[in-house]
Each structure stands twice: as C-alpha cells, then as structure tokens.
Amino acid sequence: DQQVKQNSPSLSVQEGRISILNCDYTNSMFDYFLWYKKYPAEGPTFLISISSIKDKNEDGRFTVFLNKSAKHLSLHIVPSQPGDSAVYFCAASQVGRGYNKLIFGAGTRLAVHP
Amino acid sequence: GAGVSQSPSNKVTEKGKDVELRCDPISGHTALYWYRQSLGQGLEFLIYFQGNSAPDKSGLPSDRFSAERTGGSVSTLTIQRTQQEDSAVYLCASSLKRAQETQYFGPGTRLLVL
Numbered sequence: 001d002q003q004v005k006q007n008s009p010s011l012s013v014q015e016g017r018i019s020i021l022n023c024d025y026t027n028s029m030f031d032y033f034l035w036y037k038k039y040p041a042e043g044p045t046f047l048i049s050i051s052s053i054k055d056k057n058e059d060g061r062f063t064v065f066l067n068k069s070a071k072h073l074s075l076h077i078v079p080s081q082p083g084d085s086a087v088y089f090c091a092a093s094q095v096g097r098g099y100n101k102l103i104f105g106a107g108t109r110l111a112v113h114p
Numbered sequence: 001g002a003g004v005s006q007s008p009s010n011k012v013t014e015k016g017k018d019v020e021l022r023c024d025p026i027s028g029h030t031a032l033y034w035y036r037q038s039l040g041q042g043l044e045f046l047i048y049f050q051g052n053s054a055p056d057k058s059g060l061p062s063d064r065f066s067a068e069r070t071g072g073s074v075s076t077l078t079i080q081r082t083q084q085e086d087s088a089v090y091l092c093a094s095s096l097k098r099a100q101e102t103q104y105f106g107p108g109t110r111l112l113v114l
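Chains as they are written, first to last, in this note's numbering: chain A, 1 to 114; chain B, 1 to 114.
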C-alpha cells in the first residue's frame, strides 16, 4: 500500500522553463512534507519542506504547493537549469504524532536539456 | 563539517552470509535513521534511533535484520543469512533531534547478494 505516490517516473524540460513535479498521498494524518533531490551514487539531499498548516513555501527557484483537500503537493522549479537534472523524491511524515520516519515516493527523474 | 558517512560503499556477498553495514552520523545529531532503496523503488524506512529511547524497529522487514547504535553515535545494521531480495542501497540519515529537523543522508551502501 503506497501512501506516497509519484506517478510520473520521468520528466523532460527545456532549460529556462518551469519544471513541475507532482506527488499524491493517501494518509490524511501526514502533516509534514519534504522534497529531496538525488544524484547518482549520492545520498538524497534536502531541498524544501512544508508543514500542513501552510499551502505554499518558497526558497529561491523552488516552490512547494500543498493542497490538503486533494492530498496533493507539487514542486515547481523556475527557471529550470541543467544542474537540476536528478531524481526528486517526495516524502511525508506525521510529526504531530511523533512519528519521525519519512515515507517516500518512488521518485521522478527530471532531465533539463539545453 | 563532515557529513554522514557510510561503509563499505559497496558490498557483494553470497546468499546465506551475514553482512554488517556501518553509519557515522553527523556529530551532535541525536536522531539516526536507516532506509533502503530497492531497484526502481522509493526509500523504505527500516529503523529509527533517538537518543537513549528504545528504537523504532517497525520498518525492519524480517528478524534477519537488526541494528545497534553504540554510545549514541555510530550505528551498525546487520543482515543475517542474506537473501537475494536483500540487494538494495542501504541509506543512513541523521538529524539534530526530532522529526521536524532535516534528515541528512549518507551516500549509501550498495549491497548485492549473489
């Protein structure tokens, strides 16, 4: 039973354009969401997070949007750069209940081409 | 400062053998997590240590898997009588103290069971 789903295994975007990565979840108890980026042969690196009390969080070129009623979040990268090419993982946890483990999606491979 | 380190980076073993994977968290981080990523899958939670509290072992897939954290720092994940389905990348992460804190990942140990 996948509680966090990333339905697009891959995405190809032209440099300078917007990249939109999507994530859906099924557990309404999740209250904290994160995006991680992973390059080959490296561990995931934290990108941006959002608490369920917010619907948007922005950090430079990266913005995460949360739609609680739809149980959906998205990561927007504007403008996309070739260095953004990586696998992006969405993750969720139940911070308020003290559950510290992250539940990850399967990842979306983003390719930004010149 | 130094990030999370893991050893070995790669391990090839024969079915039925035991393996030990090591994780050195970031100094001062009291929370430590083990995840694994099987081919084409997202990261799967295995176990979580927080300070001197009893670990959360809810993600361990079988009793062949165990983990220790000595002195609140270094952790060892042991897999006994390895099976081919244990082949995966095993990732360790640490965070400063609690769930809202960003988890920092090591580069992982690639385990291949022949």
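Don't take each hint at face value.
Stated by the list, open to error - Some chain B residues well away from chain A (every beta-carbon gap over 12 Å; in silico):
| id | residue |
| --- | --- |
| 1 | K11 |
| 2 | E14 |
| 3 | K17 |
| 4 | Q37 |
| 5 | Q41 |
| 6 | E44 |
| 7 | D63 |
| 8 | F65 |
| 9 | L91 |
| 10 | S95 |
| 11 | K97 |
| 12 | G108 |
| 13 | R110 |
| 14 | V113 |
Unchecked claim - Here are the simulated DSBU-like cross-link-like pairs (lysine-lysine), alpha carbons at most 35 Å apart as the crow flies:
| id | chain 1 | residue 1 | chain 2 | residue 2 |
| --- | --- | --- | --- | --- |
| 15 | A | K71 | A | K5 |
| 16 | A | K68 | B | K97 |
| 17 | A | K5 | B | K11 |
| 18 | B | K11 | A | K54 |
Bear in mind the hints are in silico, worked out from the structure with no lab data behind them.
The beta-carbon is built from N, C-alpha and C at its ideal position, and this holds for glycine as well.
For each hint, the structure was consulted:
1. K11/B, annotated as away from the interface, keeps every beta carbon of chain A farther than 12 Å; the closest lies near 15 Å.
2. The Cβ of E14/B sits about 24 Å from the closest Cβ of chain A, beyond the 12 Å cut-off, so the non-interface label holds.
3. The beta carbon of K17/B is kept farther than 12 Å from every beta carbon of chain A, the shortest such distance being approximately 24 Å.
4. For Q37/B, the condition that its CB be more than 12 Å from all CB atoms of chain A is violated, with the nearest at approximately 8 Å.
5. The claim that Q41/B is not at the interface with chain A is violated, since a C-beta of that chain comes within 12 Å of its own (minimum 6 Å).
6. Chain A draws E44/B into its interface by the beta-carbon criterion, the shortest separation being 7 Å against a cut-off of 12 Å.
7. No beta-carbon of chain A comes within 12 Å of the beta-carbon of D63/B; the shortest separation is about 19 Å.
8. Look at F65/B: its CB is around 15 Å from the nearest CB on chain A, clear of 12 Å, so calling it non-interface holds up.
9. For L91/B, the condition that its CB be more than 12 Å from all CB atoms of chain A is violated, with the nearest at approximately 6 Å.
10. Once the 12 Å rule is applied to beta carbons, S95/B is inconsistent with being away from chain A; the minimum gap is 8 Å.
11. Interface exclusion of K97/B from chain A breaks down, the closest Cβ pair being 10 Å apart, not more than 12 Å.
12. Remark: the non-interface label on G108/B conflicts with the geometry, its nearest Cβ contact in chain A lying 6 Å away (cut-off 12 Å).
13. The claim that R110/B lies off the interface is violated: its Cβ sits roughly 9 Å from the closest Cβ of chain A, which falls inside the 12 Å cut-off.
14. For V113/B, the shortest C-beta to C-beta distance to chain A comes to about 20 Å, beyond the 12 Å cut-off, and the non-interface label holds.
15. Note on K71/A and K5/A: the hinted pairing holds, with a Cα-Cα distance of about 11 Å set against a maximum of 35 Å.
16. Annotation: proposed proximity of K68/A to K97/B holds, straight-line Cα distance about 27 Å (limit 35 Å).
17. With a CA separation close to 30 Å, the supplied pair K5/A and K11/B stays within the 35 Å bound.
18. Taking the CA atoms of K11/B and K54/A, the gap is near 43 Å; set against the 35 Å cutoff, the hint is violated.
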